[in-house]
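J.: The task is simple: from the sequences and hints, build the whole structure.
Chain by chain, the residues:
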Amino acid sequence: MGVGAPYGQPSRFESEVMRRDIDWLFPDERASVNFTPLQDLHGIVTPNGLHFARHHAGVPDINPDEHRLLIHGLVQRPLLFTMDELMRFPSVSRIHFIECSGNGTLEWTQAVMPTVQFTHGMIGCSEWTGVRLSTLLDEVGVDRQARWILAESADAAGLARSIPMAKALDDAMVVYAQNGERIRPEQGYPLRLLCPGFEGNANVKWLRRLEVGTRPWMTREETSRYTDLMPDGSARQFTFVNEAKSVITFPSGGQQLRERGSYEIRGLAWSGRGKVKRVDVSVDGGNNWETAKLQQPVLSKCLTSFRMTWTWQGEPLLLQSRVIDESGYVQPTIRQLRKVRGTRSTYHNNAIQTWKLDVEGKVSNVQI
Amino acid sequence: MYRFKIFSSPFFSKGVGGIFIAVILGIFAFPVWAGDGLVYGLGTRTNPEEIAGWNIDVGPDGAGLPPGSATLSEGQGIYDMKCARCHGVFGEGVAGKPVLAGGIGTLGSHEPQKTVGSYWPHATTLFAYIRSSMPFDRPRSLTDQEVYAVTGYVLYLNELLEDMGAGINAQTLLQVEMPNRNGFVADPRPDVANAACMTDCLRNAPKQ
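If you're matching them up, the sequences are chains A and B in order. Count along the first sequence starting at 1, add 548, and that's the number in our numbering. Count along the second sequence starting at 1, add 3, and that's the number in our numbering.
Take the hints with a grain of salt, since some may be wrong.
If the Cβ cut is set under 7 Å, some of the chain B residues that face chain A in the computed set are [what the hints assert, rightly or not]: (1) F93; (2) G99; (3) V102; (4) G111; (5) S144; (6) T146; (7) D194.
Covered by chain A, per the in silico footprint, the following chain B stretches (three or more residues, Cβ under 8 Å) [as the list claims (entries may be wrong)]: (8) 57 to 66; (9) 76 to 86; (10) 196 to 204.
Since the hints were derived computationally from the structure, they do not count as laboratory data. Yeah, the Cβ is synthetic: ideal placement off N, Cα and C, and Gly gets one too.
T.: Printed below as a string of structure tokens:
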């Protein structure tokens with residue numbers, strides 16, 4: 549028998565549902581990433597405590613009463629906002645995914661990581677609440693020459709990214725709440741930028757400053773990092789959008805089917821360009837495909853659940869999912885991606901994932 | 004995007020005439036209506052002095068570079084004491100921490116080395132990043148003078164500056180020609196076109 553704790557926790561029998569990290573991936577735990585356990589989640593909303601967290605110099609501990617947002621540059625009225633003032637603006641709530649552009653980075657040359665947590669777990673999806681950035685830009689009065697906005701973090705890394713003005717005016721938000729509560733420290737408490745569909749680091753956490761200007765600032769995180777190196781030695785810059793991607797979360801790497809019979813293949817699909825239109829599933833390594841059912845709601849730049857009833861008769865299978873988004877873009881194979889981008893581009897690996905199911909019911913990560 | 008909703012705004016009738024007039028005047032200046040064109044009168048006006056205390060960014064055109072000058076010799080002293088522990092005496096990187104020097108000409112190879120010298124397109128980025136973010140465990144502890152000094156020394160480690168006695172300042176920093184300054188291209192995606200084939204796809208697929 550129990551009573552309601554002041555802040556409830558999951559059942560003690562769910563203690564294995566947790567974020568995990570890869571201790572050899574980064575040289576310092578203060579500049580690291582914690583992966584979301586996609587294999588253990590249900591539906592499209594990521595619990596706040598399980599949302600992946602990538603930080604470049606630790607998680608700052610910020611008192612919201614002392615936090616300010618400065619908006620300046622090519623504006624008529626440079627303004628300093630308190631959190632209280634920001635929360636007085638008309639608010640909006642929207643459900644969007646955030647995915648690190650490095651999601652899947654270890655899989656460029658071969659299948660490496662054992663579970664979907666590590667192959668695809670740099671993604672989370674939340675209902676975000678805040679102010680439209682365009683509302684704040686109206687408040688300061690943006691100059692007509694403005695084309696870019698620098699967003700800067702209050703963390704020790706001073707992380708900064710240049711965001712195109714078109715994105716700022718389209719659907720960017722400055723958010724202070726996530727899934728019903730104030731955003732978590734590792735998600736940018738008390739304030740973060742949200743650029744729906746853009747790679748994770750463009751959604752600048754611990755947001756303290758927005759500067760309006762005419763050209764990008766060429767910060768470290770948009771030159772030295774988060775640029776995609778091509779086989780000819782050139783590098784793509786400002787590759788903001790996360791293209792359409794999907795993955796089967798059950799059955800997925802590391803899982804074990806204990807017996808033959810009825811199961812449901814389950815997974816997630818998303819696109820930084822809009823809505824998921826269709827998801828197809830193959831159990832024979834991509835030779836034949838069947839269209840899966842999409843769970844409603846299907847929202848723009850948001851995780852979409854797909855599922856398919858399925859009977860396992862004990863045979864070895866190669867499971868894949870393939871998403872098509874509303875722009876008509878079809879999720880590519882890893883071979884197609886490699887043919888164009890080689891294996892050294894680090895970011896934006898949105899390839900079709902293959903899970904191998906063997907006759908023992910064991911599931912593992914493979915590339916074919 | 005360019006709607007003029009202010010005229011139907013409930014705020015118009017709530018005694019914020021001053022703001023309304025400011026907005027009308029704004030139309031004849033050059034503001035862009037970003038969202039609904041409403042002004043709520045929130046936030047505190049700031050002045051250039053206050054902004055200067057916040058504004059630590061530097062543009063590729065040199066905008067934001069502070070006054071000051073230092074020598075590469077000064078930079079070596081600071082680098083050896085505060086940077087070499089992670090980045091190595093020669094910028095070679097220690098225990099997986101970022102390599103700062105070398106790698107020029109490797110970007111198109113199978114083992115590309117992305118360093119300041121081989122990859123970074125602008126020397127101004129180096130100044131801005133050291134000033135805002137380094138040393139990793141004590142960011143923003145260096146004076147602008149020290150940041151110039153370390154910036155110059157890291158460029159020296161990359162053989163992009165040669166004279167250890169020479170001064171590094173806003174002007175000389177902008178004159179440094181970064182080897183990979185023309186190495187970046189715009190995002191061409193979608194760059195891969197898969198087909199949504201449903202049956203016998205592997206048999207029918209073109210060989211890759």
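J.: If a hint holds in the structure, say so; if it does not, say that too.
T.: Structure-based check of all given hints:
| no. | hint | in the structure |
| --- | --- | --- |
| 1 | F93 | 18 Å, violated |
| 2 | G99 | 4 Å, holds |
| 3 | V102 | 11 Å, violated |
| 4 | G111 | 3 Å, holds |
| 5 | S144 | 11 Å, violated |
| 6 | T146 | 16 Å, violated |
| 7 | D194 | 5 Å, holds |
| 8 | 57 to 66 | holds (count 8) |
| 9 | 76 to 86 | violated (count 0) |
| 10 | 196 to 204 | holds (count 9) |
When each numbered hint is compared with the structure, violations occur for hints 1, 3, 5, 6 and 9.
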